[in-house]
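*Asks:* In case you want the letters, here they are:
Protein chains: 2
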Amino acid sequence: MTNYKPKSRLTAQAYIDGVLSGDRVILSRAITIIESNLESDKLLAKAIIQAILPASGNSIRIGITGVPGVGKSTFIEVFGKHLITQGHKVAILSIDPSSQRSRGSILGDKTRMEALSNLENAYIRPSASGTTLGGVANKTAESMLLCEAAGYDVVLVETVGVGQSETAVHGMTDFFLLLMLAGAGDELQGIKKGIMEMADMVVINKADGDNVRNSEMARLQYQNALHIFPQSDSGWEPVVTKASSTKNTGISTVWDAITKYKQLVTENGYFIKNRNHQKIRWMYNNINEELKRMFYGNKDIASKLSVLEKDIIASEISPVKAAENIIEKFKDFNKT
Amino acid sequence: MTNYKPKSRLTAQAYIDGVLSGDRVILSRAITIIESNLESDKLLAKAIIQAILPASGNSIRIGITGVPGVGKSTFIEVFGKHLITQGHKVAILSIDPSSQRSRGSILGDKTRMEALSNLENAYIRPSASGTTLGGVANKTAESMLLCEAAGYDVVLVETVGVGQSETAVHGMTDFFLLLMLAGAGDELQGIKKGIMEMADMVVINKADGDNVRNSEMARLQYQNALHIFPQSDSGWEPVVTKASSTKNTGISTVWDAITKYKQLVTENGYFIKNRNHQKIRWMYNNINEELKRMFYGNKDIASKLSVLEKDIIASEISPVKAAENIIEKFKDFNKT
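As you go down the protein sequences, you meet chains A and B in turn. Counting with the numbering used here, you get residues 1 to 336 for the letters of the first sequence. Counting with the numbering used here, you get residues 1 to 336 for the letters of the second sequence.
Just so you know, nobody snuck in bad clues.
Label pairs and their computed distance ranges (CB to CB): (1) K329(B) x L38(A): 21 to 29 Å; (2) S315(B) x Q223(A): 37 to 45 Å; (3) L38(A) x L43(B): 49 to 57 Å; (4) D233(B) x K273(A): 32 to 40 Å; (5) T266(B) x T131(A): 34 to 42 Å.
List of simulated lysine-lysine pairs, DSBU-like, C-alpha gap at most 30 Å: (6) K310(A) x K46(B); (7) K329(A) x K331(B); (8) K299(A) x K292(B); (9) K331(A) x K304(B); (10) K331(A) x K42(B); (11) K273(B) x K292(A); (12) K279(B) x K304(A); (13) K331(A) x K310(A); (14) K273(B) x K321(A); (15) K310(B) x K42(A); (16) K273(A) x K292(B); (17) K279(A) x K304(B); (18) K329(B) x K299(A); (19) K329(B) x K273(A); (20) K331(A) x K279(B); (21) K292(B) x K331(A); (22) K46(B) x K304(A); (23) K331(A) x K304(A); (24) K331(B) x K299(A); (25) K329(B) x K292(A); (26) K46(B) x K321(A); (27) K329(A) x K299(B); (28) K329(B) x K46(A); (29) K292(A) x K299(B); (30) K310(A) x K292(B); (31) K279(B) x K310(A); (32) K299(B) x K46(A); (33) K46(A) x K292(B); (34) K310(B) x K292(A); (35) K42(B) x K310(A); (36) K292(A) x K329(A); (37) K299(A) x K279(B); (38) K42(B) x K304(A).
Keep in mind that the hints were calculated from the coordinates and are not lab data. Note that the Cβ used here is the ideal one computed from N, Cα and C, for glycine as well.
Please build the complete structure, drawing on both the sequences and the hints.
*Replies:* As structure tokens, this is what we get:
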């Protein structure tokens, strides 16, 4: 990626035809257009997305999270190979808003998934970069549509497991998988509140060797805990299993659960309902982010806000009045 | 409430003096000003809030939630009386955005808390009404400041336990208490995802008679489940206890836990940090709501959005492009 130089662009039609025919090189170049911040590329990206839209959606979208050290890359590699053996085409994307801030990007080190990336029916793409989570999530979600249009019927969206990107991934996938380790305690502190409740499945990873017994105990503990929590609108009871990516055990169980889930939510109508809901919310998220950008992107507003924050903490102004004052200022700016 | 007719208004100074001297009648009338939607009252409200602001904040703010039927009113009555016996002044507010939609308001039936409301050191106020949760939450939070300025050192903020009002209550209180019933299963479905994780304490209520054994089992189950979940930034480990409001058991345990919590978070600095964070977020919530109102309150925007929603579901336009289109429209409106 570091040596990447933009090649001359193709026509929109060339990208569209290439993606629809499943050409991996063209798919990569089309995703580069999606990720580009050049104005001319943005127009091109819109034309491509608009054209491939009807061909998108024919996949199961699986979000995968877990704290660093849980073994996500190895799990995805083994899981991906399993799916390809079953005849699937697997695309692997990721959301990591931190990657450009050099906190270490996921999937950046492609060699970690070399065996998988060499397979014809696998497509691996590192996280887009961007200044905002919303921007990165947009690019990943649009890349997902391109992958689907290119014939990938399983899309795995990986997240780093330490921030808010889980919510973004949960909002664009059908099934949410949380990787955990036995031995609970401190490792868990990395998992933010609310993430556990999004999980459709918890996999206790690295359940091998001396760790098998602890993993089974952890599995039971999580299973009991999840029973207590409220059921999802999908009607699905979250499943807890254990797996070992290195010993290749428990991997087929994960796919079996996802297959069962897909069947349940297709039959009860939740699958399409959730997809539609996600699409609509995607529009509203973009609108709301743009509204905020119009306001908070204003330099005068930004400097006034930092003064107001200090006054609020000093109890010199009420938060409600502070908000009113600054909105009035904003309206005045827009008038002039 | 139904026979309420506005009395002639006092001067701002009369409200301020009355509140600061702890006059319950003036406090009630000042809160009525806060809740009023008349433009003249809004100006008066701002003057009152601004003046009492430095005298606010000297309380422990306790959010209380639980599904209907869990026995919230009875618990609050018994808990409130316990606190008053200990020498505290207790204000009881509530957030129920549904109350005006006649889905049955909480605290509306004051007779439910008659014994408490007759005590001199108790102040009970039913939920403000309003069209938006944000609006109702604003009024409740400002009423809370008035109660504190009037000398109430414990503020209980009750919520109905079926919607998003829990997040609003959590965002304005220091300690969040979740009432539950033994027998788990179906009753729990009323508790929304994420609420359990906000709880600093879970009280298994109605732990009396034949229910004691089940309540103890439920207590252990919840205690185990909460251990698995990530720790709060406060450094506090959520506590699970059982109580009976009718038998008056377990009530002092609740207050003991809150006292311990207060001590912990005062010492580790979380108390003031969280209060400041809440105040700042309160301003931003108000700004963001107003930005949305400016946009979504526009009739042309609203009708275009419903068309775009249909087009998105039909895959005729991408959510990102739909958002861009409507934002452009909005900018055009504002120019003309």
